[in-house]
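Protein chains: 2
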Amino acid sequence: MSERKRRAGPGAAAGGSTSKKPRGASAAASYAQSLRSKLRPDDSILASLRALASASAQSKPATASSAGAKALAEDDPASDSSSYIVVADQDINSVTSRINRLVLSVARSILAGRGFSFSVPSRTSTNQVYLPDLDRIVLLRREAARPFANVTTARKATVTARVLSLVHAVLRRGIHVTKRDLFYTDVKLFEDQAHSDAVLDDVSCMLGCTRSSLHVVASEKGVVVGRLIFHDDGDRIDCTRMGVGGKAIPPNIDRVSGIESDALFILLVEKDAAFMRLAEDRFYNRFPCIILTAKGQPDVATRLFLRRLKVELKLPVLAMVDSDPYGLKILSVYMCGSKNMSYDSANLTTPDIKWLGVRPSDLDKYRVPEQCRLPMTDHDIKVGKEMLAEDFVKQNASWVKELETMLQTKQKAEIQALSSFGFQYLTEVYLPLKLQQEDWI
Amino acid sequence: MSERKRRAGPGAAAGGSTSKKPRGASAAASYAQSLRSKLRPDDSILASLRALASASAQSKPATASSAGAKALAEDDPASDSSSYIVVADQDINSVTSRINRLVLSVARSILAGRGFSFSVPSRTSTNQVYLPDLDRIVLLRREAARPFANVTTARKATVTARVLSLVHAVLRRGIHVTKRDLFYTDVKLFEDQAHSDAVLDDVSCMLGCTRSSLHVVASEKGVVVGRLIFHDDGDRIDCTRMGVGGKAIPPNIDRVSGIESDALFILLVEKDAAFMRLAEDRFYNRFPCIILTAKGQPDVATRLFLRRLKVELKLPVLAMVDSDPYGLKILSVYMCGSKNMSYDSANLTTPDIKWLGVRPSDLDKYRVPEQCRLPMTDHDIKVGKEMLAEDFVKQNASWVKELETMLQTKQKAEIQALSSFGFQYLTEVYLPLKLQQEDWI
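First to last, the protein sequences are chains A and B. Residues in the first sequence are numbered from 1326 upward in steps of one, following the numbering used here. Residues in the second sequence are numbered from 1326 upward in steps of one, following the numbering used here.
Next up, chain A with everything else stripped away, as it sits in the complex (with noise of 0.2 Å):
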């Protein structure tokens, strides 16, 4: 086995060095080996891929998995609904025009002796749901006074007050500004910046625009590299010159303009271990992809960046995430939103990601050695549990196996256990190999 091994030169997977050892290891290399030989030439997996783009590309509204309801437009989502609150990305003057006239409002009621009051979604857990038809988490229409002449809401109303001032003044300066820097402005008033923050989602809801029209932004994680080419705030980024770091995701997604790409897909990735490896073995020039991640948990900035890409260029979005119930739940996030956002869903969710990797199945399948997979926890199995049980993983069958099998097996394992077969494994082997058989779901 060791001579096969030296046979394979450079190629083969790290760990060679150490040919004495018949042991897990170099039967992992030689493992490797096999399948490598299973890869077809390049040019055969991208005539494949080619395809899926252009299928995905095609799929607006038609063939998008279940209902039309789930196409992804750019249209104004804001008038095909009376039983849901949408909001939308406006720009400046139209967010200000909407303040103004929300203002205007409020001093018409004053003036015809019904008081300073104003009318404010509510965001209750009750009233957030998910829509199977819209394949994401919603906010029911239902608005609730906030008066100023009662005891209860004279503060709110002052608070919402004061936030709408102060979006209306840093609208008027053209720049932007995060929650922590809003609520600095007026410590005395707003006590705490959970009172801020709440408020400012009331906000987002009365306007009907979503936070960054609002110039409020989340602080950025993100990295991506790869087959694209965007401007930040008026400077062309060419991300496939962006090194090994890769170019940070903006936090402000209204800087973002002019994307273009000749990539065939966007490949999400869970971690930055696997993004690293992906970008210094520069995969995106192999297979013409954009390589995202947002580090973990996937924050706001990372959202509206990867649905952005995903309106304009119409790639199909393929994930790589721990097979474990988090990378479900990093997907689902993904792809439903979470509840606290439920008003802003359509601009933060991406339906239709396909999970490539790492699944359940895949364990077994691609051999990943007993030793690099680890048992579930009690909270583990509890939270696929969970998983199990949510609407978005119910839709799709294959989704639900995976998770059963999970849950049978009691095992997970990370992205980076597949480095047991060498370093570039993932790169070289397991990716490749992937994409080849179409293998996601």
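Hint data in this document are derived by calculation from the structure and do not stem from the laboratory. Hints may contain errors.
In this list, chains with the same sequence are indistinguishable; a pair is considered to hold if it fits within one copy or across any two.
To be verified - DSS-like mimics (lysine-lysine), calculated; alpha carbons at most 25 Å apart, straight line:
#1 1504 with 1620
#2 1690 with 1513
#3 1710 with 1363
#4 1513 with 1735
It should be emphasised that the depicted structure is a prediction, and the values quoted were computed from it without experimental measurement.
Given chain A, put chain B in place with the hints provided.
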């Protein structure tokens, strides 16, 4: 007062749209305006910054504050020390031949009948000391044998051999891997990542190489923007054209080359909210600088990058951290290193960072409103007292004074607290004024 504010026009601090309320916020805005009027023209501030930059460029090693040993040069530090261990960046060939020499000496030991054994530097905490002359934490030179023919060390000797062989394989391929990747290549042997991580540090000490020379990298967290051009894995990165998002700092510092800059200083920022403000306002165009942040606790990649910039560009480093014990702790990690990585402190630390703000004395000096200050918790006070006992703080009388002020007033404040004077107060008033007054310690 509202009259004065209106006259101030669009340059006035935010919050101006609520002119009816004579509350804290508008008083703050008018105070900000009075400070703004103290600002000299930028040319005059730039002249003093130029003087600072050229002083910094010549301070090698003579004027570097305390001891000459604090010098920050790219000389080989391995030669000038016998009492403590210093590792250095080495290229692939050098590390490979060091591994070969090491393995050869082990083989000779076996042939000579002395058995299979490694000589490994002790990295226990009693061996990690702060050297005032060097102004950083170092690892004393004290070695222990790690023989294979001994029950207590047999396993560790095997792990050491395995890690050496894996590093050798990584170097031969010219790639970079994470600690997690390394662990997963032989889970059966390593059992726990803590074991392979610890031995990796041992190997780093044994070979006298930095961990990044071994091509085992940490994950990246930091971002950079401003007057800086460098090459990341051969791609030319112009950090003035990285939009608001900035460029992610590459995890593998040895792929960074061709550093060029016309900046006058490096602005080190604790948090990404402040970074975003500086990036969006393109602060570096008004005052030529390089702005970087690790988004909280500094990671190894950001520390390596900062040091690299300081070594090559010889620019002064000014730091903006929260006014709390953790802000100071973060500075200490950049300046003196963490105890765990003491053997590599020479490559990871950047001495002579100036504490620009937010300093405890700034709270009164810049009239940060009471409600934007937070009371220190018992834990904060404990950490503050510990910092006061740290050698690196004691060396600088003005730092001690600031820390004493903090502990006396029992108040802390975030950088974001400056937003109470307007969203752009940081970039338009506070920082320019600090630079004008050369108010750093």
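Comparing the hints with the structure gives:
In this assembly of identical chains, the alpha carbons of residue 1504 and residue 1620 lie at most 25 Å apart whether taken from the same copy (21 Å) or from different copies (16 Å). With identical chains, the CA atoms of residue 1690 and residue 1513 are at most 25 Å apart between copies only, with a shortest distance of 20 Å across copies and 60 Å within one. Within a single copy, residue 1710 and residue 1363 get their C-alpha atoms no closer than 36 Å, and across copies no closer than 63 Å, so neither meets the 25 Å cut-off. Taking the shortest Cα distances, residue 1513 and residue 1735 sit within 25 Å of each other only across copies (19 Å), while inside one copy they are farther apart (51 Å).
In terms of the numbered hints stated before, the structure departs from hint 3 and from no other.
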